[in-house]
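Student: Now for the letters of each chain:
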Amino acid sequence: DVVMTQSPLSLPVTLGQPASISCTSSQSLVYINGNTYLTWFQQRPGQSPRRLIDQVSNRDSGVPDRYSGSGSGTHFTLKISRVEAEDVGIYYCMQSSYWPYTFGQGTKLEIK
Amino acid sequence: QLQLQESGPGLVKPSETLSLTCSVSGGSIGSSGSYWGWIRQPPGKGLEWIAAIIFSGDNYYNPSLKSRLTVSLDTSKNQVSLKLTSVTAADTAVYYCARSLGEIRLLDYWGQGALVTVSS
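So the sequences go chain by chain: A and B.
Start counting the first sequence at 1; every next residue gets the next number (our numbering).
Start counting the second sequence at 1001; every next residue gets the next number (our numbering).
The following block holds chain B by itself, in its conformation from the complex (with noise of 0.2 Å):
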């Protein structure tokens, strides 16, 4: 069964970069039709769809994020990573990874998320 596991460091400061990598176990990142995606969930608030990228590479960002944003795949380590740069205390939020099959939007596999504060 496919997993998704975020890491990365829990604090960042402000200004900094914040770095994430999702781990894929179960299941090839460069699969045909693989999309993967990056939700970020405030502490006790909603969620918000930052970034998604294609198996072949492409990228998909929001453009609220996308000056800040990157996202690429190591499909030899079977890994998707995130880097948000210039990051200040509203990018505080829980990071979720997940996997699309088929369609870019569908979400059907998640990891558990990586929370991540940024904070001096």
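So here's chain A without its partners, still in its complex pose (with noise of 0.2 Å):
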């Protein structure tokens, strides 16, 4: 199975400042049509997973444009510009390149 690591584990934001959360596959996530299959979701406590970008970068309809993801291969990146309480979580990405669709461990976001 492709196994996802994402760092770091616990990440403790002041209001209003940046967010950083790395996610690396063991292995390349390009499908062979060419599309990057790594997605980002959110899970605000109590509450069930929710998708929030798809494909690296293509951020879902309703979701702040204060995230932000990128990354190629095997590294990727999301990033929040400005963390709000709102955005209290954690965070998981997922890869759908290979069978059985992985997730990593997800990051803990709680304001400082």
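Errors might be hidden in some of the hints.
Calculated pairs, DSS-like style, for lysine-lysine (alpha carbon to alpha carbon, straight line, at most 30 Å) [as the list claims (entries may be wrong)]: (1) B:K1045 <-> B:K1066; (2) A:K108 <-> B:K1045; (3) A:K108 <-> A:K79; (4) B:K1045 <-> A:K79; (5) B:K1045 <-> B:K1013; (6) A:K112 <-> B:K1013; (7) B:K1013 <-> B:K1077; (8) A:K112 <-> A:K79; (9) B:K1066 <-> B:K1077.
Rough simulated footprint, nothing fancy, chain A against chain B, three-plus residues with beta-carbon under 8 Å [unchecked claim]: (10) 1058-1064; (11) 1109-1115.
Far from chain A, by Cβ distances over 12 Å, these chain B residues were calculated [stated by the list, open to error]: (12) G1010; (13) G1046; (14) K1077; (15) K1083; (16) C1097; (17) S1119.
Read the hints as simulated data drawn from the structure, not as lab findings.
By construction, the Cβ of each residue, glycine as well, lies at the ideal position given by its N, Cα and C atoms.
Take the two lone chains, each set in its own frame, and fit them into one complex as the hints suggest.
Tutor: Put into structure tokens, the structure is as follows:
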């Protein structure tokens, strides 16, 4: 299985400050069609996960533009330009280039 | 709006079978392009994609669980079911049902999850 490794696992951030989460895959996520299937999910406390970003950098409808995704190959990053209180939760990256699709361990974002 | 609701016994004994149902409202599980996934989350841990089923009935099972898993569609009840046999404490988790539209991987709608504890 493709191993997804996130860092940091815990991310205390001051309100209004930026945040960055790294996700590394054990093999390239470039699919045979040339697309890269790396997705970011947010799980707020007590809630189900919610998709934020698909195919590395495509933000979902309704996701604030302070969220952005970047990367290629095996290294990917989720950035929040200015953290707000509603951003508290656990963030997961997921690869869907290879079955079984696999998630990172999660990064817990909290407010300092 | 599409809604998914997982249901089933909250407590299962070791070696027995875990059975869950995902009831879908606001859309048909047999709609072309619909994919239904089961993802689980052990307490305090990360997410694991365990199975998916396509609107036509074809399955994708996580190889680590394949020998114990059965996922099926009941279009008459608009439900997706999951059965996991020979459970152990390691199968204790919140089990989520999710819908993907267009591509199996998209997970655009999630249920609220059902906690299943394996214990004697």
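Student: Hint by hint, say whether it matches the structure.
Tutor: Hint check:
no. : hint                : result
1   : B:K1045 <-> B:K1066 : 21 Å, holds
2   : A:K108 <-> B:K1045  : 11 Å, holds
3   : A:K108 <-> A:K79    : 14 Å, holds
4   : B:K1045 <-> A:K79   : 23 Å, holds
5   : B:K1045 <-> B:K1013 : 21 Å, holds
6   : A:K112 <-> B:K1013  : 42 Å, violated
7   : B:K1013 <-> B:K1077 : 27 Å, holds
8   : A:K112 <-> A:K79    : 17 Å, holds
9   : B:K1066 <-> B:K1077 : 25 Å, holds
10  : 1058-1064           : holds (count 4)
11  : 1109-1115           : holds (count 4)
12  : G1010               : 17 Å, holds
13  : G1046               : 5 Å, violated
14  : K1077               : 22 Å, holds
15  : K1083               : 18 Å, holds
16  : C1097               : 10 Å, violated
17  : S1119               : 23 Å, holds
Of the hints listed earlier, those the structure fails to meet are numbers 6, 13, 16, in rising order.
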